[in-house]
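Novice: Below are the chains, spelled out letter by letter.
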Amino acid sequence: MEKGLDTQAQLTSAKSISQWVTNLWQHVTKPSQSLSGEDKRQANLLLNLLSASLMLNLIALVIVVTNPLSTTEGVAATIDTRSLLVSFTSLTFLVIAYAFGRSQHYEWGALLLSLAPVIMVLVGLLYAYTSENFPDGRLGSFIYFINLGTVVGSVVLSVRRSIYVAIGNVILIMLLVWLLPQWSFDGQRDEMIFSLIIPGLIVASVTLRQRYLNQINSQIRELERLNAAEQAARKQAEQADQTKSAFLASMSHELRTPLNAIINFSKFLGKEVSGPINDEQKQLVGHISESGQHLLRLINDVLDMSRIAAGSLALYVEDDIDLRDTIQVAVNYVEPSLHDKPVTLTMDLPTSLPMVTGDRKRLLQIFLNILSNAAKFTEEGVISIRSKITANEIEIAIQDTGAGIADEDSEHVFSSFKQTDSGLRQGGGTGLGMPISRELAEAHGGRLWFESERGVGTTFYVTVPLKSALVVEELTI
Amino acid sequence: MMRVLYVEDDARSRDVLRMVARLHPNELDVTIFDNSTDFEARLLALPSVPDLILLDIHMKPHTGFEMLEMIKQHDDYKTIPVVALTASVMSKEVQILRRVGFHSMLSKPIDMDQFLSQLQRILKGDAIWYIA
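Heads up: the protein sequence lines correspond to chains A and B, in order.
In this text, residue positions in the first sequence follow our numbering: the first is 1, and each later residue adds one.
In this text, residue positions in the second sequence follow our numbering: the first is 1, and each later residue adds one.
Everything labelled a hint here was simulated from the structure, so no lab data went into it.
Bear in mind the structure is a predicted one, so any value in this text is a computation, not a measurement.
Even glycine gets a Cβ: it sits at the ideal position worked out from N, Cα and C.
Any given hint could be a false lead.
Stated by the list, open to error - Heads up, simulated BS3-like pairs for lysine-lysine below, C-alpha to C-alpha not over 30 Å straight-line:
hint	chain 1	residue 1	chain 2	residue 2
1	B	Lys78	B	Lys92
2	A	Lys271	A	Lys361
3	B	Lys60	B	Lys92
4	A	Lys361	B	Lys92
5	A	Lys388	A	Lys341
6	B	Lys92	B	Lys72
7	A	Lys271	A	Lys282
8	A	Lys361	B	Lys124
9	A	Lys30	A	Lys15
10	B	Lys72	B	Lys60
11	B	Lys78	B	Lys60
12	A	Lys271	B	Lys124
13	A	Lys341	A	Lys376
14	A	Lys244	A	Lys40
15	A	Lys361	A	Lys376
16	A	Lys235	B	Lys72
17	B	Lys60	A	Lys244
18	A	Lys244	B	Lys124
What the hints assert, rightly or not - Only part of the chain A face toward chain B is listed, based on derived beta-carbon distances under 7 Å:
hint	residue
19	Arg41
20	His253
21	Thr257
22	Leu259
23	Asn260
24	Ala261
25	Ile263
26	Lys267
27	Phe268
28	Val273
29	Gly275
30	Asn278
What the hints assert, rightly or not - Quick list of simulated restraints, FRET-style, between CB atoms:
hint	chain 1	residue 1	chain 2	residue 2	range
31	A	Ala240	B	Ser117	55 to 63 Å
32	A	Arg234	B	His58	26 to 34 Å
33	A	Thr351	B	Gln120	25 to 33 Å
Chain A extracted, bound-state conformation (with noise of 0.2 Å):
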């Protein structure tokens, strides 16, 4: 148990410690805040070579000064004086490099940098020409480290002024095998052109990949341009679908406010209730009542239409709702209007249907759509309610004996906002009915549907699940 235990912290610590590392990391490499984009890039990766180049010089120094070799046989006792100039020379070089490299002047710290080997080895020459114990045909291994420089120029600073380190290199070798001709190249003329050589392949293998990478860069930046793009005419449409909210709500309450005065002002005159009116002004007081309501509806309907269109209908839903009931409420709706037109209106539902989850008020709004549609376009004849209960839901048929829909019209009929030709010579109505009543039967998780034909007649039917799957909602409308 205690050792579990004891593996547990030591986990834990050495988790603890690699965080710490990779934070001292991160905040050592940490470009300057006025750098962005490729510059911060740059910078980021110049000093994530500085320091490592820092950290390796450290180590080097400790070496040399500690010189944990002087107790092996063979070996002198005393600190490498070349050794220890050549650490102390770069460190500095590497220090100032990183200053550099922390600023937004990163670039001279990348030219330093790729300046410090070629410094390093003239140093070390320059100490081994005094002492005079230059080993003889060395040159060509140092030329091979000043090429490092051009490769860490290349890589950090831009194309073009990589290349001028790599000619400065070259102009720097060739000073060195022309100055110091005793120490060149004992037999070894090839390594010399070879070395020559590479600074050009580096800078043109570090070019093709500069020109690589402009390429994905000028790529990204598109990228980037089109998602900033994209995401502005996103904002300009979300601002403009709130603009629409709150123009639909005020709207809303303030048609509300003065419909209150027409449609109960006209209905209290109706009732006689402050002195008799004739049988003229009676009809006339009950038309503002009835147009002052079917203002009222068209109200409703565009409401609800802009909240299906924001997905923001949410239902008010109740556990056993009798549709029996519920179709019931809609016929006496309805009924009235059928008084002066040779139109029966039976319903043949059994008694017992099984109860429904739903919105109560929107399952009476489909039912009445349908009903007072049916009630409109037939002249004559039958509107019959039935239903048909299968295993998960119920069917409820409204049919009527009107004119039918034509085939041409049937594809406008859930469309918001058209009317079918006949529809527009009944007059009334918004056009919005049927698609509200389509995208309620919808979230309720039953469909709505019809089938037609012309002076036969037309049946809607609208199925409920018997145990809807919906979760209750916690608001109404």
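Since the structure of chain A is provided, determine the placement of chain B on it from the hints.
Specialist: Structure of chain B alone, referenced to chain A:
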């Protein structure tokens, strides 16, 4: 006799409620404040505690929400059902009414024929959120 307090700044809406009261002279006794100035003091100064309070929402200086809060601060009044009578019927607005503690909501335009029975149902304890 049901004693109803109605706070409403729109003159026509007040007229509508007076008409409802005239339709039911023996069942409905409506007191009307035509603004919300000093609402709290005027509420406490009423000769009797109302059975039900109807509040318009968009009012000055106190909104329906503020008046609801004032009502709820008095032990004698906080059990009275407070009903929002408003023309703002968008889901968000209704949601806020429910959240802040309105007992029920009746939308404008009101249904003159159903209005008394709706109030009676509210008094019996039914929460009604009716949008015409």
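Novice: If a hint holds in the structure, say so; if it doesn't, say that too.
Specialist: Hint check:
1. A threshold of 30 Å between alpha carbons decides the hint, and for B:Lys78 with B:Lys92 the separation of about 25 Å falls inside it, so the pair holds.
2. Of the pairs offered as hints, the one joining A:Lys271 and A:Lys361 holds, with about 28 Å between alpha carbons and a cut-off of 30 Å not exceeded.
3. Between B:Lys60 and B:Lys92 the CA atoms are separated by roughly 21 Å; this keeps the pair inside 30 Å, and the hint holds.
4. At roughly 18 Å between alpha-carbon atoms, A:Lys361 and B:Lys92 fall within 30 Å of each other, so this suggested pair holds.
5. Taking the CA atoms of A:Lys388 and A:Lys341, the gap is about 29 Å. The hint holds against a cut of 30 Å.
6. At most 30 Å may separate the alpha-carbon atoms for a hinted pair to count; B:Lys92 and B:Lys72 meet this at roughly 23 Å.
7. At most 30 Å may separate the alpha-carbon atoms for a hinted pair to count; A:Lys271 and A:Lys282 meet this at roughly 9 Å.
8. Using a Cα cut-off of 30 Å, the hinted pair A:Lys361 and B:Lys124 holds, with the two alpha carbons roughly 22 Å apart.
9. Restraint check for A:Lys30 and A:Lys15: the C-alpha separation of about 22 Å stays at or below 30 Å, so the hint holds.
10. At roughly 19 Å between alpha-carbon atoms, B:Lys72 and B:Lys60 fall within 30 Å of each other, so this suggested pair holds.
11. The hinted pair formed by B:Lys78 and B:Lys60 meets the criterion: a straight-line CA distance of about 22 Å does not exceed 30 Å.
12. Between the alpha carbons of A:Lys271 and B:Lys124 the distance comes to roughly 28 Å, so the proposed pair stays at or under 30 Å and holds.
13. Between A:Lys341 and A:Lys376 the CA atoms are separated by roughly 10 Å; this keeps the pair inside 30 Å, and the hint holds.
14. Between A:Lys244 and A:Lys40 the alpha-carbon distance is near 43 Å, which puts this suggested pair outside the 30 Å criterion.
15. The suggested pairing of A:Lys361 with A:Lys376 holds, with an alpha-carbon distance near 22 Å, which does not exceed 30 Å.
16. Annotation: proposed proximity of A:Lys235 to B:Lys72 is violated, straight-line Cα distance about 41 Å (limit 30 Å).
17. Of the pairs offered as hints, the one joining B:Lys60 and A:Lys244 holds, with about 26 Å between alpha carbons and a cut-off of 30 Å not exceeded.
18. A distance of roughly 40 Å separates the Cα atoms of A:Lys244 and B:Lys124; the hinted pair therefore is violated under the 30 Å criterion.
19. At about 46 Å, the closest approach between the beta carbon of A:Arg41 and any beta carbon in chain B exceeds 7 Å, and the interface hint on this residue is violated.
20. Among the interface hints, the one on A:His253 holds; its C-beta lies about 5 Å from the nearest C-beta in chain B, closer than the 7 Å criterion.
21. A hinted interface residue such as A:Thr257 counts as satisfied when its beta carbon comes closer than 7 Å to some beta carbon of chain B; here the least separation is about 5 Å, so the hint holds.
22. Nearest Cβ of chain B to the Cβ of A:Leu259: about 5 Å, under the 7 Å cut. The hint holds.
23. Interface restraint check: A:Asn260 against chain B, minimum CB-CB distance 4 Å, threshold 7 Å, status holds.
24. Interface restraint check for A:Ala261: the shortest CB-CB distance to chain B comes to about 4 Å, inside 7 Å, so the restraint holds.
25. Hint status for A:Ile263: holds, given a least beta-carbon distance of 5 Å to chain B, under 7 Å.
26. Look at A:Lys267: its Cβ gets to within about 5 Å of chain B, closer than 7 Å, so that hint holds up.
27. The beta carbon of A:Phe268 is positioned within 7 Å of a beta carbon in chain B (closest approach about 5 Å), and the interface hint is therefore held.
28. Evaluation of the A:Val273 hint against chain B yields a held restraint, the C-beta minimum of about 6 Å falling below 7 Å.
29. Taking 7 Å as the C-beta contact cut-off toward chain B, the hint placing A:Gly275 at the interface is violated, the least distance being around 12 Å.
30. Because the smallest distance between the Cβ of A:Asn278 and any Cβ of chain B comes to about 21 Å, over 7 Å, the interface hint for this residue is violated.
31. The hint said 55 to 63 Å for the Cβ distance between A:Ala240 and B:Ser117, and at roughly 43 Å that hint is violated.
32. At roughly 32 Å, the beta-carbon separation of A:Arg234 and B:His58 lies within the given 26 to 34 Å, and the hint holds.
33. The given range of 25 to 33 Å is respected by A:Thr351 and B:Gln120, whose C-beta atoms sit roughly 30 Å from each other.
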